[in-house]
Structures are given as structure tokens and as C-alpha cells.
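A.B. asks: Chains A and B, in that order, are what the protein sequence lines are. Those letters in the first sequence? Residues 1 to 526, by our numbering. Those letters in the second sequence? Residues 1 to 536, by our numbering.
Each hint should be verified, as a subset may be incorrect.
Listing some non-contacts, in silico: residues in chain B with all C-beta distances to chain A over 12 Å [as the list claims (entries may be wrong)]:
| no. | residue |
| --- | --- |
| 1 | Ala14 |
| 2 | Arg146 |
| 3 | Arg320 |
| 4 | Ala369 |
| 5 | Ala474 |
| 6 | Ala508 |
| 7 | Leu520 |
| 8 | His530 |
If you only want the chain B side, here are some residues facing chain A, beta carbon under 7 Å, derived [claimed, not checked]:
| no. | residue |
| --- | --- |
| 9 | Ile17 |
| 10 | Ser20 |
| 11 | Arg373 |
| 12 | Pro439 |
| 13 | Ser452 |
| 14 | Trp455 |
| 15 | Val467 |
| 16 | Ile519 |
| 17 | Gly522 |
| 18 | Asp526 |
| 19 | Gln529 |
Derived from the structure by calculation, the hints contain no laboratory data. For every residue, glycine included, the Cβ atom is placed at its ideal position computed from N, Cα and C.
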Amino acid sequence: MILSVLAATPLVGALVVTLMPRTAAAARSVKVVALASSLVALALALYVTSQFDVGAGGYQLTEQHEWIGALGVHYALGVNGIGLTLVLLTTVLVPIVLLAAWEDRLPASRSVNSYLAWMLVLEALAIGVFCATDAFLFYVLFEATLIPIYFLIGSYGGAGRTYAAVKFLIYNLVGGLLMLASIVGLYVVTARAGDPTYLLSDLSGLDVGTTTERLLFLGFMAAFAIKAPLFPFHTWLPDAAGTATPATSVLMVSIIDKVGTFGMLRWCLELFPGASEWASPVVITLAVVSILYGALLAIGQDDVRRLVAFTSVSHFGFIILGIFTFTHTATAGSTLYMFNHGLSTAALFLVTGMMVARRGSASISDFGGVQKVAPVLAGILLLAGLSSLSLPGLAPFVSEFMVLAGTFTRSVPAAVLATLGIVLAALYILIMYQRTMTGPLQPEVAHLRDLDHREVAALAPAVVLIVGLGFFPQPMLDLVNPAVDEVVTHVGVGDPPPRTPAELGGLTGAGAYVPEHGPHETEGGH
Amino acid sequence: MATLLLADRPDIAAPTIEWSLLSPLLVVAGVAMVAVLVETFWPRRTRFTAQAVLAGLGLLAALLDTARVYVSLDRVDGDVVGRGTPVAEGAVTVDGPGVLTWGLLLVFALLSLALFAERRLDGGLSAFTGRAVDPPGSAGEAEATRLRLEHTETFPLLLFALAGMMLFASANDLVTMFVGLEVMSLPLYLLCGLARRRRLISQEASLKYFLLGAFSSVFFLYGVALAYGYAGSFRLADIDTAVTSRTGGEHLLLAAIGLISVGMLFKVGAVPFHQWTPDVYQGAPTPVTAFMAAGTKAAAFIAFTRVLFVAFGGASWDWRPLLWVVALLTMVVGSLVAIAQTDVKRMLAYSSVAHAGFLLVGLAGAYVADSERITSVSGLLFYLGVYGVSSIGAFAVVTVVRDAGGETTHLSRWAGLGKESPFLAGSFALFMLSFAGIPLTGGFIGKWSVFSAAWSGGYGALVVAGVLTSAVAAYFYVRVIVLMFFTDPVGDGPTVALPSVLTTVVIAAAAAGTLVLGILPGPVLDLAQHAGTFVR
Numbered sequence: 001m002i003l004s005v006l007a008a009t010p011l012v013g014a015l016v017v018t019l020m021p022r023t024a025a026a027a028r029s030v031k032v033v034a035l036a037s038s039l040v041a042l043a044l045a046l047y048v049t050s051q052f053d054v055g056a057g058g059y060q061l062t063e064q065h066e067w068i069g070a071l072g073v074h075y076a077l078g079v080n081g082i083g084l085t086l087v088l089l090t091t092v093l094v095p096i097v098l099l100a101a102w103e104d105r106l107p108a109s110r111s112v113n114s115y116l117a118w119m120l121v122l123e124a125l126a127i128g129v130f131c132a133t134d135a136f137l138f139y140v141l142f143e144a145t146l147i148p149i150y151f152l153i154g155s156y157g158g159a160g161r162t163y164a165a166v167k168f169l170i171y172n173l174v175g176g177l178l179m180l181a182s183i184v185g186l187y188v189v190t191a192r193a194g195d196p197t198y199l200l201s202d203l204s205g206l207d208v209g210t211t212t213e214r215l216l217f218l219g220f221m222a223a224f225a226i227k228a229p230l231f232p233f234h235t236w237l238p239d240a241a242g243t244a245t246p247a248t249s250v251l252m253v254s255i256i257d258k259v260g261t262f263g264m265l266r267w268c269l270e271l272f273p274g275a276s277e278w279a280s281p282v283v284i285t286l287a288v289v290s291i292l293y294g295a296l297l298a299i300g301q302d303d304v305r306r307l308v309a310f311t312s313v314s315h316f317g318f319i320i321l322g323i324f325t326f327t328h329t330a331t332a333g334s335t336l337y338m339f340n341h342g343l344s345t346a347a348l349f350l351v352t353g354m355m356v357a358r359r360g361s362a363s364i365s366d367f368g369g370v371q372k373v374a375p376v377l378a379g380i381l382l383l384a385g386l387s388s389l390s391l392p393g394l395a396p397f398v399s400e401f402m403v404l405a406g407t408f409t410r411s412v413p414a415a416v417l418a419t420l421g422i423v424l425a426a427l428y429i430l431i432m433y434q435r436t437m438t439g440p441l442q443p444e445v446a447h448l449r450d451l452d453h454r455e456v457a458a459l460a461p462a463v464v465l466i467v468g469l470g471f472f473p474q475p476m477l478d479l480v481n482p483a484v485d486e487v488v489t490h491v492g493v494g495d496p497p498p499r500t501p502a503e504l505g506g507l508t509g510a511g512a513y514v515p516e517h518g519p520h521e522t523e524g525g526h
Numbered sequence: 001m002a003t004l005l006l007a008d009r010p011d012i013a014a015p016t017i018e019w020s021l022l023s024p025l026l027v028v029a030g031v032a033m034v035a036v037l038v039e040t041f042w043p044r045r046t047r048f049t050a051q052a053v054l055a056g057l058g059l060l061a062a063l064l065d066t067a068r069v070y071v072s073l074d075r076v077d078g079d080v081v082g083r084g085t086p087v088a089e090g091a092v093t094v095d096g097p098g099v100l101t102w103g104l105l106l107v108f109a110l111l112s113l114a115l116f117a118e119r120r121l122d123g124g125l126s127a128f129t130g131r132a133v134d135p136p137g138s139a140g141e142a143e144a145t146r147l148r149l150e151h152t153e154t155f156p157l158l159l160f161a162l163a164g165m166m167l168f169a170s171a172n173d174l175v176t177m178f179v180g181l182e183v184m185s186l187p188l189y190l191l192c193g194l195a196r197r198r199r200l201i202s203q204e205a206s207l208k209y210f211l212l213g214a215f216s217s218v219f220f221l222y223g224v225a226l227a228y229g230y231a232g233s234f235r236l237a238d239i240d241t242a243v244t245s246r247t248g249g250e251h252l253l254l255a256a257i258g259l260i261s262v263g264m265l266f267k268v269g270a271v272p273f274h275q276w277t278p279d280v281y282q283g284a285p286t287p288v289t290a291f292m293a294a295g296t297k298a299a300a301f302i303a304f305t306r307v308l309f310v311a312f313g314g315a316s317w318d319w320r321p322l323l324w325v326v327a328l329l330t331m332v333v334g335s336l337v338a339i340a341q342t343d344v345k346r347m348l349a350y351s352s353v354a355h356a357g358f359l360l361v362g363l364a365g366a367y368v369a370d371s372e373r374i375t376s377v378s379g380l381l382f383y384l385g386v387y388g389v390s391s392i393g394a395f396a397v398v399t400v401v402r403d404a405g406g407e408t409t410h411l412s413r414w415a416g417l418g419k420e421s422p423f424l425a426g427s428f429a430l431f432m433l434s435f436a437g438i439p440l441t442g443g444f445i446g447k448w449s450v451f452s453a454a455w456s457g458g459y460g461a462l463v464v465a466g467v468l469t470s471a472v473a474a475y476f477y478v479r480v481i482v483l484m485f486f487t488d489p490v491g492d493g494p495t496v497a498l499p500s501v502l503t504t505v506v507i508a509a510a511a512a513g514t515l516v517l518g519i520l521p522g523p524v525l526d527l528a529q530h531a532g533t534f535v536r
């Protein structure tokens with residue numbers, strides 16, 4: 001019940017915001033109401049976390065009602081550690097985003113009411129997606145998230161927004177419709193076996209033929225690979241992020257794109273373990289290509305928003321690599337990475353968005369020497385950038401390290417190539433920072449305002465979490481580890497036996513799912 | 001009473017007519033005939049209102065009666081459970097799918113009737129021409145407008161067409177089916193040519209529809225003759241017996257199936273027999289287009305399914321590959337050509353072609369089962385219901401977006417409609433999303449059910465082709481949303497005429513129906529599923 005209430009809270013907020021007057025005078029109270037409802041959702045999410053028994057594992061706080069009897073569809077919600085992590089990410093980020101979007105300049109004749117309402121609707125759908133334990137419900141909510149983002153990009157974005165919105169929608173619809181074919185297939189398969197059902201608990205024990213399993217897997221995977229996005233299905237993301245408002249970009253990249261990687265973990269691996277293993281060489285290859293290709297393209301970008309989008313392509317490569325390696329360390333790392341990437345990308349999108357709004361241009365070459373006039377802005381950009389390049393001491397480092405360490409035990413070439421991505425990450429972030437913030441002060445940016453209190457207040461929680469989880473990630477790991485164990489055990493590939501125990505011992509120790517050898521020790525060893 | 005209904009006694013000489021079971025059909029036909037009398041004797045001043053009220057009451061009575069008939073259907077146990085019985089000496093079957101189709105058709109007719117009766121949009125006159133005999137642009141036409149003349153025959157024509165559709169969908173022998181087909185088509189040919197505005201293309205549409213429709217009817221009739229030659233009977237059950245035992249020549253059977261299919265595929269608007277669709281949809285008065293899009297498609301699909309499943313069920317290996325190809329072609333051509341359209345009504349016409357393709361996917365699946373699973377018939381019924389409701393809603397929106405020359409259907413004139421009228425544009429966007437099959441709209445569950453029937457029937461590859469063309473189709477639906485919401489209007493933008501409560505209710509009801517069928521489809525799906533199979 002509590003999960004339904006949690007998901008409904010932003011929805012109620014959206015409804016109230018829609019019904020409020022659309023005058024300029026009421027705009028402030030509209031924003032306050034929106035922020036308040038997102039804060040209530042955050043409080044509820046924290047309450048859910050406190051009710052969640054970390055040690056017990058499995059799906060908790062479940063609820064289940066029949067929805068469409070003829071199709072065997074249930075309204076079924078429940079969270080495990082992975083789902084809860086992403087629910088927390090969603091509820092933490094939305095207030096940050098709303099606060100950062102306080103002064104967003106919207107196109108003429110667009111009301112702030114619908115802008116905020118769409119964001120809250122998106123939050124509600126995202127919470128639903130992360131909690132759904134029925135494949136049909138998941139699919140419905142998954143597809144429904146397209147509509148708010150479509151309107152957020154198409155109505156409130158910058159130049160080229162229509163093109164970007166349609167491209168976003170069509171790409172994701174193609175994936176979603178392929179998944180629909182698999183959803184239909186699941187119905188037929190379960191109906192043949194007895195009663196049609198979409199419940200995760202029934203489906204994960206499903207025994208289907210190898211070919212059928214692979215076909216069904218491909219349908220799900222197509223949707224998630226486009227959503228995540230995985231090379232070569234990523235081209236919608238830079239266009240969308242390049243025209244959307246920073247707030248929309250954060251919601252899209254930090255939260256909704258996580259549905260892709262989350263879906264791989266929950267639905268691909270749990271429903272089709274055999275097919276996942278079958279496809280893993282290809283997926284791992286594509287993930288490594290994503291890491292390197294995304295990073296190389298990020299280096300070449302002049303538009304700072306597109307740069308951030310390409311860094312995300314690279315980071316999603318790491319997450320997918322970790323998921324399809326099927327080792328405890330890498331999977332736990334990937335799950336943690338989803339949370340950390342959400343934070344660091346949110347900070348990066350928002351702070352660059354503030355830069356762009358001040359300068360009126362997103363081109364890197366239009367900046368220079370900004371740190372002289374706006375030191376706080378420069379500082380936060382640097383910190384967000386460093387977290388994106390996985391500097392030790394900041395949250396993403398732990399997760400990236402775990403992914404790489406877990407990958408080494410499975411495939412040395414993939415791990416070596418992926419590690420190159422870290423080097424490239426240093427390049428794209430530091431070059432961008434150097435060209436925008438250091439050097440001689442450009443006359444156009446001489447009067448750039450520094451961040452005001454509201455903006456600092458918006459970014460502060462993200463920064464605190466990035467630093468805090470960088471030094472002490474253990475609570476998050478404790479949260480995800482039981483669920484990760486279940487997924488990895490279900491796939492059944494397991495950790496490869498160490499061929500040279502003495503040398504690899506240290507690495508598996510960094511695997512961090514054994515609490516007494518937590519990664520904070522690794523941190524010290526660095 | 002029950003024993004009387006069940007009895008199929010050949011030893012009784014006088015024909016037995018089960019009046020009680022046939023009554024919805026008879027009510028509609030009867031009201032149509034009364035309407036003809038009203039046309040003759042009622043004073044002209046109040047005739048429009050009288051006709052509209054009479055038709056409305058008749059449709060409501062028939063709808064209630066249909067519900068009563070549906071509840072009273074008897075269960076028939078066979079390989080697959082069915083409900084109902086052949087009546088009127090086997091000429092008509094009152095069975096679950098047939099009666100449900102009656103219900104659908106009556107709902108469509110009620111919604112369309114409200115559009116027929118709308119008079120506020122065009123200066124107090126209906127959407128139909130004042131005096132059809134006047135040549136377009138003549139002095140007589142101007143005089144008719146000045147005298148505020150109206151053709152109130154449109155109401156009986158609507159009722160006759162509806163009666164034809166109902167008969168078509170539940171005919172149990174091929175001759176009755178042909179009678180139903182013609183009773184349905186003739187009033188529609190006429191109605192197509194009665195537009196008040198743009199009369200030339202309306203008349204052109206009427207002529208085209210008539211010529212091509214007559215041509216396709218002949219194909220159908222030829223097929224019926226060959227089927228008779230093969231089986232020695234017009235009755236679907238007898239043909240089935242002949243097909244199953246494979247008496248007679250194989251070629252005769254294949255030719256019969258092929259020719260009957262041509263006639264049917266024409267009516268449902270499937271490629272390559274779809275060319276009439278865009279012209280007729282565009283030229284016909286929009287209320288007629290709405291009724292035709294929803295009603296003809298539903299009646300023709302159920303009749304087609306009935307012929308294939310009941311009469312030619314034993315030869316399914318012969319016609320399923322044919323339908324496979326036609327379904328694929330229809331989806332692809334409909335979706336691709338729709339992208340290039342610049343007129344809303346033509347775009348909706350090609351979209352209806354694409355939807356015929358999706359429906360054919362479910363039909364080609366030919367999945368008949370006795371379990372709790374979605375069958376081809378139940379999938380089709382649900383899809384037809386959703387498609388019809390959304391279509392009527394979409395065409396109702398078209399009637400309201402106007403400029404000085406009447407409806408403005410060029411897509412570019414729709415730019416910025418979202419600002420002009422959020423309710424209209426929002427409803428239209430909802431219909432487009434439903435057509436595109438986005439979850440939480442009825443269109444999604446509809447797609448789901450026909451695709452699952454096809455997959456159950458072993459046509460998984462066709463399902464994949466279906467979802468891919470859905471993505472293509474989504475492009476042009478989404479383009480309309482882009483136009484309405486994201487594009488700034490050119491010039492002074494579209495004007496939205498203030499409709500009377502009738503059109504508003506139609507749009508609101510269609511939008512509500514589309515949403516409810518998407519969010520809580522359970523009851524309607526159950527209904528479609530418990531209709532069972534065709535009774536022969």
C-alpha cells in the first residue's frame with residue numbers, strides 16, 4: 001500500500017498544479033506546491049527505506065490486485081534493494097531538479113503549471129516502473145513515461161525541439177513495440193503452460209524452449225538497449241539532451257534512462273537467464289564500444305549539453321558491461337553506478353545548464369576564464385566533472401572500480417578496453433573545464449553572475465551525496481547486495497574460480513559485498 | 001419458451017421466425033420505415049428534430065433489446081463453446097460475436113447520429129446539402145440555403161445502413177449476407193454525396209464509392225455462386241461440411257474463397273483493394289465518414305471472419321497464407337502512404353487502411369480455442385470497438401475545426417490548435433495515441449489482443465512485422481500532435497467553431513471510452529471473450 005501512496009503523491013501534486021491558476025502572479029505558489037509534493041514523496045521514500053528489511057532480501061512491501069483478469073495482468077508492486085535504490089534516486093533528484101528549474105525561462109505562452117505537472121507525472125511513472133513486479137504493468141508504465149518526456153522536450157526545449165522530441169519518441173517507440181511483441185509472447189507462452197500470468201514471481205521460474213526464450217529476450221533487450229542507450233541505438237540522446245531544458249535532461253538521463261539498465265537487471269536477467277548468457281558476448285562488445293565511442297565523441301563536442309549526453313553514453317556502457325558480466329562484484333558495481341551516475345550527471349547537467357542560461361550559448365568556445373568571475377559555479381562544475389571522470393573519493397569511482405574489477409575476472413580484454421574509457425573521461429572533462437573556466441577572461445562572460453543561494457541550495461544535496469557516498473558507500477552496498485546476489489545466482493553463471501588465487505585475492509576483496517572488506521578500505525589503499 | 005427457441009424442427013412447414021431473438025434488427029429496420037413515413041407526413045418545420053429524436057429513441061431501444069438478447073443466448077457446447085442459435089430457418093445466426101457486433105454497431109450509430117443531428121456548426125443547418133438535385137454553385141443551391149432547406153432523409157438512410165450492417169454481421173447463409181451487404185452499402189453510397197460544402201468532391205466520392213463498391217459486390221456474388229457450385233448450398237454450415245469432406249473440385253473452392261475475399265477485403269479497405277478509401281473518406285460529409293469508418297469496418301470484419309471460420313474453416317491452410325500477405329501489405333502500405341498525406345481526412349483514411357492490416361493480423365492468426373485465452377474473434381471484437389470509438393471521436397473533432405469555407409482539413413491549418421482549444425486538441429491527441437497503440441489507451445489493449453491471437457495461431461513473425469509497422473504509423477500520428485501543440489500557427493491560426501452539446505458529448509464520450517478501454521479493459525475483454533465462437 002505504501003508504494004502506491006508513494007507513487008500517487010507526485011501524481012496528486014501534478015493534479016493540484018494543473019488546477020491552479022495559470023497567471024504569472026500564481027507562478028510562485030505553483031512552484032512551491034510542486035516542490036512540496038516532491039518533498040513529501042522524498043519523505044515517503046525514506047519511510048519506505050526505513051521499513052525495508054535490508055537483511056531479508058527478496059521483494060518487500062508488496063501489494064497485488066488483479067487488474068485485467070482476462071489477460072492475467074495484476075497491479076503488483078514490490079521493491080528489492082535494486083528497485084529501492086532507484087526509487088531513492090528518483091525521489092532525491094526531483095526536488096533538486098524542481099529547485100534548479102525555479103527560474104527556467106520557458107518559451108512564450110507556455111505555462112509553468114504544465115511544465116511542473118509533466119515533471120511530477122514523470123516522477124510518479126518512474127516510481128511505478130521501479131516498483132512494478134508485473135511485466136505488463138511494467139511495460140505500460142515504461143511506455144507511458146514517453147509522453148511526459150515528449151511534451152517536456154517538445155513544448156519547453158530550445159531550438160530544434162520538435163525534431164528532437166519526435167526522434168526521441170520514435171526511437172523509443174520502436175524499442176517499446178518490439179518489447180510489446182515479447183509481452184504478447186509471454187502471454188501466449190504462459191497461457192500454453194496453464195494460466196496466463198505476468199507476475200515476476202511466476203515468470204522467473206518459466207520453462208520455455210531455447211529459441212523462444214531468445215526471441216522474447218531480444219524483444220525486451222531491444223527496448224532497454226535503446227532506452228539505456230547502448231551503441232548503436234544512442235543517437236537520439238544527444239539531440240534530446242541538446243535541446244531539452246536542463247531539468248528535463250536530468251529527469252531523462254539520470255532517471256528514465258536508468259529504466260533501461262534496471263530493466264536488463266530485473267527483466268532480462270531474471271526472466272531469461274539462459275538467453276542473457278547467450279547474448280552476453282555481443283552485449284559486452286557493444287558496451288565496450290559505447291564506453292570508448294561515447295567518450296571519444298564527448299571529447300569532440302563543442303555544445304556542452306551534448307558533451308554531457310555523450311559522457312552518459314560512455315557511463316551507460318560501464319553499467320551495461322557490469323550487468324552482463326554476471327559477477328557479484330560487477331553487478332553490485334553496476335547497481336551502485338546507476339545511483340551515482342544519476343547524481344553526478346544531474347549535477348553536471350544542472351550546473352552546465354546554469355552556465356548556458358547565463359551566457360545564452362551552449363558552445364564551449366563562447367566561454368573562457370569564468371572561474372575568475374564565478375568561482376562557486378566553477379568549483380561545482382569541477383566537482384561534478386571530477387565525479388563524472390570517477391576521481392577516487394567521489395561516489396562514481398567506487399562503482400566504476402567495482403565494475404572493472406568484476407569484469408577482469410570474466411574477460412580481461414573487455415576490462416582493459418573499458419579501462420581506457422577512464423583515461424578518455426579525464427580528457428573530455430578536463431579539456432571542457434580548461435576551455436570554459438580557465439584561461440583569459442572572455443569579454444562576453446565578464447559580467448557572468450555567480451550562483452545565487454537558490455542554485456547553491458539546489459546543487460548542494462547532490463554534491464554532498466557525491467562526496468559522502470564516495471567515502472562511505474557501504475550503506476548503499478548493504479542495500480543492493482542481497483538483491484544482486486539473487487540476480488547473479490539466478491543467472492547461474494556465478495563468479496569464475498580464481499585461477500591465480502594469490503593475486504586476485506585482493507581484487508575480490510574489493511568486491512565489497514563482503515561487508516568486512518568494504519571498499520572504503522580499498523579507498524585507503526589507493 | 002426456451003424449448004421453443006432451441007427447436008430446429010424441419011417437419012414444421014411454416015417458416016419459424018424467432019421474433020424475440022431477431023428483435024434488435026427488426027426494431028432498427030422498423031424505425032427506419034417509420035422514419036420514411038415521418039419524412040412524408042411530418043411538417044417540414046419540425047421534421048429535422050422529429051427525425052433525430054425518433055432515430056435516437058429507436059437506437060436506444062434496439063441497444064437495450066440487444067443487451068436482453070445477449071443475456072438470453074443459450075450455451076452451445078461443441079469443440080469450442082459458443083452461445084446462440086441459428087434463427088429464421090438458418091438464414092441468420094444470433095450468436096455471441098454477432099450480438100456483440102450489433103451492440104458495437106448501435107453504439108457507433110448513436111454517436112454518429114449525434115454528429116448527423118449537429119446543426120450549430122454551419123449556421124443552424126446540418127452538414128448535409130439542402131437540396132441534392134441542385135448542381136453545385138447554382139442559383140438553386142443558393143435558394144435552398146436561403147430557404148434553410150435540409151435533407152432529413154439522412155436519418156432513415158442511416159438506419160437502413162445500420163440494419164444492413166447488423167444483418168451482414170450475423171448472416172448465416174451467403175445470400176442473406178449479400179442482401180445485408182447491399183442494404184448496408186446503398187444508403188452509404190447516397191449519404192456520401194450529400195455534403196453541404198465542397199459538393200463536387202462529395203459527389204465524386206459518392207460515384208467512386210458506388211462504382212467500385214458495385215464492382216466488388218459482383219466479385220462477392222461470383223464467389224457465392226462458385227461456393228454454391230462447390231457445396232450445393234448457400235448455408236455456411238453446409239459449405240463447411242463440403243469443405244471438410246473435400247467433395248467436389250479443389251479449384252472451384254479456391255476460386256470461391258478468393259472471389260468472396262476480394263469482395264470482403266474491398267469493404268474492410270485492405271490493400272490492394274483500398275484505393276477508394278482516401279477519396280471517399282475525404283469527400284463524404286464528415287459525420288458519414290465517421291459512421292462508415294467505424295460501422296462498415298466492424299460489420300465487414302465480423303462477416304468476413306464468419307465466412308472464413310464457419311464456411312471455409314476446413315480450408316484454413318488455403319486462406320491463411322493469403323491473409324498473411326494481405327495483412328502485411330495492408331499494414332505497410334497504409335502506414336507508409338499515410339506519412340505523405342497533408343489532409344486530415346485522407347490521413348485518417350490511410351490510417352484506417354493500416355488498422356485494417358492490424359485487424360487482419362488477428363484474423364490471419366485464426367486462433368480458436370476453448371481455454372481462457374484471447375481468441376481471434378474476441379481480439380477482433382475488442383479492437384473494432386476501440387477503433388470505432390476513437391475514429392468517431394477523431395472525425396467529430398474534424399467537424400469542429402473550421403474556417404469560412406467549412407471544415408478546414410489541411411494539416412497545416414491545424415498548427416497551434418493546442419493553444420486555441422486545449423480540450424479539442426487534447427482529445428484528438430488522445431485518439432492519435434490510441435491509434436498509435438500507446439499504453440493506457442484502448443488502442444494498446446486492442447493491438448495487444450489481435451497480436452496475441454496471431455501469436456497463439458503461430459504467426460509470431462507477422463506480429464513482429466506488425467509492431468514494426470506500428471512504429472512507422474506512430475510517426476504520422478505523432479506528427480499531428482507536434483502540429484497541434486509544438487508548432488506556431490500560420491496566419492491567424494485555426495478557428496474552432498462552438499459546437500452544440502451533441503458534438504461535445506460525442507467527443508467527450510469517445511475520449512472517455514478510449515481511456516477507460518485502456519485503463520480498465522477487463523469487463524469489455526471478458527465480454528468479448530465470453531461471446532464464444534460463431535454458432536453455425
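A.B. asks: Now tell me, hint by hint, if it's right for this structure.
C.D. replies: Status of the hints after comparison with the structure:
no.	hint	in the structure
1	Ala14	holds (43 Å)
2	Arg146	holds (42 Å)
3	Arg320	holds (17 Å)
4	Ala369	violated (9 Å)
5	Ala474	violated (5 Å)
6	Ala508	holds (18 Å)
7	Leu520	violated (8 Å)
8	His530	violated (9 Å)
9	Ile17	violated (35 Å)
10	Ser20	violated (30 Å)
11	Arg373	holds (5 Å)
12	Pro439	holds (4 Å)
13	Ser452	holds (5 Å)
14	Trp455	holds (5 Å)
15	Val467	holds (4 Å)
16	Ile519	violated (9 Å)
17	Gly522	holds (5 Å)
18	Asp526	holds (6 Å)
19	Gln529	holds (5 Å)
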